[in-house]
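Could you build the full structure based on these sequences and the hints that come with them?
Protein sequence lines, in the order shown, are assigned to chains A and B. Quick note on this note's numbering: the first sequence kicks off at 240 and runs consecutively. Quick note on this note's numbering: the second sequence kicks off at 16 and runs consecutively.
A couple of the hints might just be wrong.
Unchecked claim - Selected chain B positions facing chain A (Cβ under 10 Å, derived; list incomplete):
#, residue
1, Met16
2, Thr28
3, Ala29
4, Thr47
5, Pro52
6, Lys83
7, Glu84
8, Met92
9, Glu196
10, Met206
11, Arg210
Claimed, not checked - No more than 30 Å apart at the CA atoms, straight line, and that leaves these computed lysine-lysine pairs for DSS-like:
#, chain 1, residue 1, chain 2, residue 2
12, B, Lys231, A, Lys342
13, B, Lys211, A, Lys550
14, B, Lys209, A, Lys533
15, A, Lys618, A, Lys674
To be verified - Anything over 10 Å on all C-beta distances counts as not near chain A; from chain B, calculated:
#, residue
16, Asp42
17, Asp163
18, Arg171
19, Pro233
20, Ala248
21, Arg254
The set of hints was computed from the structure by calculation and includes no laboratory data. Backbone N, C-alpha and C define an ideal beta-carbon position, used for all residues, glycine too.
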Amino acid sequence: MITKTNPDEIQSYLVDAANFKGNCSAVYFPETHDDIVEIVKEANNNKTEITVAGNRTGLTGSGIPSKGIVISTEKLNRILEINKDKKYAIVQPGVLLSELQDKVSEHGLLYAPDPTETNCFIGGTVATNASGSKSFKYDATRNFVEALKIILPDGEQLNLVRGENFADGNTLILKTESAKKITIELADYKMPSTKNAAGYFSKPDMDAIDLFIGSEGTLGIFSEIKIRLIDKPENILSAVIFFNDESSALNFIDDLRLSSLNPKEINNSENINVLGLEYFDKNSLKFLESDYPKIPDEADAAVWIEHETNKESEERIFNSIAESINKHNGNNEKSWFALNLKDRKGFQDFRHAVSWKVSEYITKQNVQKVGTDSAVPVKHFRIFYDYIKGLAINSKIAYLVYGHFGDCHVHLNLLPKNNDEYKIARDVYRLICQKAIDLNGTISAEHGIGKLKHEYLEMMYGRSAIKQMAKIKKELDPNFILCIGNIFSSKYLIDQKL
Amino acid sequence: MKIVVCVSHVPDTATKIVVGSDNKTIDANGVTYVLNPYDEIAVEEALKTKEAQGGDVVVVSVGPDNNKESIRKALAMGADSGVLLKDDNYRDSVGVAKALAEEIKAQDAQIVFFGKQSVDYDNSIVGQLTAEMLGYNCVSVAVDLKLDGEKITAEREIEGGREVIETSLPAVITCQKGLNEPRYAALKGIMAAKRKTIEEKDAAVSENSVEILEMKKPAPKEPGKIVGTDSSAVPELVRLLKEEAKVI
Ligand SMILES: Cc1cc2nc3c(=O)[nH]c(=O)nc-3n(C[C@H](O)[C@H](O)[C@H](O)COP(=O)(O)OP(=O)(O)OC[C@H]3O[C@@H](n4cnc5c(N)ncnc54)[C@H](O)[C@@H]3O)c2cc1C
Ligand SMILES: Cc1cc2nc3c(=O)[nH]c(=O)nc-3n(C[C@H](O)[C@H](O)[C@H](O)COP(=O)(O)OP(=O)(O)OC[C@H]3O[C@@H](n4cnc5c(N)ncnc54)[C@H](O)[C@@H]3O)c2cc1C
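Spelled out as structure tokens, the structure:
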């Protein structure tokens, strides 16, 4: 097994896409399940902290260590099985999402979770319960995880298969491969009804596997992941629609969201059933202008819309979307319609470019990301949007808004130019989180909490809930070695009074 | 002014090509066909020419019924009408050019746009052949084009630089990447395309002078060699670069 300690060689394991920086003494590159067990057992004996790293595209510092060692999963990069008949795949955690998507596509299948950044590992997406532009229709990664092979912080192995082990009310009993029994008292906070990636999943009678999905590496390390696949759609209608005023764009989204809400994941219904509705405000379009000269000058907002089609439904769906575009005064002369796969990929890149350029900008300015990840229930969405935009305008700091608006999920990014602006930006961010909470939403719908968002999770669920989460972690990680500082601060583990 | 764009309908470069059981054609199973990427540039240039000078853009393609998909894409981008010169059998480049030349003559087109090459057989020849058959001037691999009345000033890429060419209408231009950024289809264009007709007629008869004897995939690349992971491998690496690869 390769180990690296040379500071030059481990530099890239000490910063993520949010420009969160860390420290460690060594990076390990296990190539098998047993390699991981060996590292974990030794670290547990020595009480050395371990941080598990995916491809470090995370936006919360969760894959970046504060101290101790890093386990990089990049050499665990094999697709072990793709079963076309039973529609599943078994993969190691370091498989690239883009590679998995391409490989299953060759079998006529689709792996539906699609975070905008496809340069991430499947392990990372399961640990953060990632979601993306198609999650409006298909839901987040959680909905596609069938089984996990997990190495617990003491080196024990836990195999979880969806549908096999449920909590009894709030009590969950886990049984490891060596028959060790672990009893866990689940937290009793109520999760928001929106898409959510904030804190441990918790619900009475829940499936044990759901506790580990979205646990940001704090409860165990995935060494094998079984995911559910679906049939690849025959075709996809994809278009970027430009609007000359923002409210028309938002009305267009409201209309299509409403007609798509039910039933999801069923094709050939009479309804419109969009995959996703991705929004770009005027500032986002300006931000992209130099790379995308085809953006019309007069555009005030844009919506990237995708819809599955087949020979029989194509015409009906096209007409129905065209009708909505005209109803809401979409720019029907300059909006973009994909006529082939290349165009479609181009639109996907266009969406990726806005997130990616924000990451590039903050790295250049050497500040941390100040980007919201909040989602709120549909009925409060417009109130929320108007409120946070007002805050951003009043702050006088450059900002842009984009996001998965089908899911009422907003990425408002403030782009501070200096430290003073950065401080103001943090205050605005806090107010936005508070508003999302007041409206029964979440402070993190997809990126997770990591090391950057502890205080907002506390605002959302309250201290007692965080204590309950810490208690769950203590049960599984009594020596506090695994991914310390993710989701909640280590003081919740160490301080007995908390 | 009558403007013609000639388009071919080609296997998407992203699809994996499998040679058919006859060893002379490709296995069409699972292959998606698209408008030849260079022809998108040709369509864009035709539309820009129309926008600047007025006129009608006619899209012409030689081949089977499926080619209509690519004609339709060009119509959705904004071309005015389409012509399919039907032929269900393999035709060589001369045959394609003959059919096109006849149609262009009938249309009395003053300027004709081609892609610089069709990404299926990659011959890069149909545009030039057609120009020759018509007696038109020809600028191939154009990366810049200015039209001033009858006068054409074009730039083309040559080894190590660019060449500026002055010529006049009627002319054939074959289009290279960099000439323009093809537009996406817009809603209005797609709607309008539904009402536009594609005229179908048989392609002018032509004897093939090229026969495909065999089609095979190039030999796969040899896998790379890892000589070591640290500095102790350097001497061996230097030896291999000298003796085997002969690059230093
Ligand atoms: C431009 C851009 C766009 C993005 N868009 C989206 C988006 O649309 N939706 C979205 O959800 N996210 C998005 N992200 C965030 C990021 O891509 C996701 O969070 C992704 O899931 C992280 O994967 P990774 O492999 O990079 O993990 P890392 O960042 O390396 O790690 C993330 C977490 O996973 C844990 N982890 C990794 N592997 C394992 C394992 N085997 N076992 C246990 N824990 C593990 C780590 O400890 C850490 O807590 C975006 C990021 C960028 C830069
Ligand atoms: C799998 C396969 C099946 C085919 N089936 C048929 C068939 O059934 N009938 C048939 O007639 N041909 C058929 N062809 C030929 C095909 O339509 C093209 O004409 C041919 O591949 C041209 O290749 P080239 O390298 O000579 O073109 P190039 O000289 O590289 O092309 C240069 C430019 O000429 C123009 N051009 C090229 N071909 C055409 C065309 N066909 N129509 C209009 N403009 C064109 C385009 O502007 C192109 O950018 C088939 C080709 C393939 C690969």
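Between B/Lys231 and A/Lys342, does the CA-CA distance stay at or below 30 Å?
holds, 25 Å
Using Cβ atoms only, decide whether B/Met16 comes closer than 10 Å to chain A, and label the hint accordingly.
B/Met16 check fails; min Cβ-Cβ to chain A is 23 Å, beyond 10 Å.
Identify whether the interface hint at B/Thr47 stands, where standing means a beta carbon of chain A within less than 10 Å of its own.
holds, 7 Å
With chain A as the partner, please determine if B/Met206 meets the hint condition of a C-beta pair closer than 10 Å.
holds, 7 Å
Taking the least C-beta to C-beta distance, is B/Met92 closer than 10 Å to chain A?
holds, 8 Å
Confirm or reject: B/Pro233 is not an interface residue toward chain A, with every Cβ-Cβ distance exceeding 10 Å.
About 21 Å separates B/Pro233 from the closest Cβ of chain A, which puts it past 10 Å; holds.
Does the interface hint hold: is B/Thr28 within less than 10 Å of chain A, judged Cβ to Cβ?
Holds, about 9 Å.
Using Cβ atoms and 10 Å as the threshold, tell me whether B/Ala248 really stays out of contact range of chain A.
holds, 15 Å
Between A/Lys618 and A/Lys674, does the CA-CA distance stay at or below 30 Å?
With Cα atoms ~14 Å apart, A/Lys618 and A/Lys674 stay inside 30 Å; holds.
Evaluate the condition: distance from the CB of B/Arg254 to the nearest CB of chain A exceeds 10 Å.
holds, 25 Å
Taking 10 Å as the cut and beta carbons as the points, is B/Asp163 off the interface with chain A?
Given that every Cβ of chain A is farther than 10 Å from that of B/Asp163, nearest at about 25 Å, it holds.
Hint validation: B/Arg210 versus chain A, beta carbon distance must be below 10 Å. Holds or violated?
At about 14 Å, which exceeds the 10 Å cut-off, the nearest Cβ of chain A leaves the hint on B/Arg210 violated.
When held up to the earlier numbered hints, the structure conflicts with 1, 6, 11 and fits the remainder.
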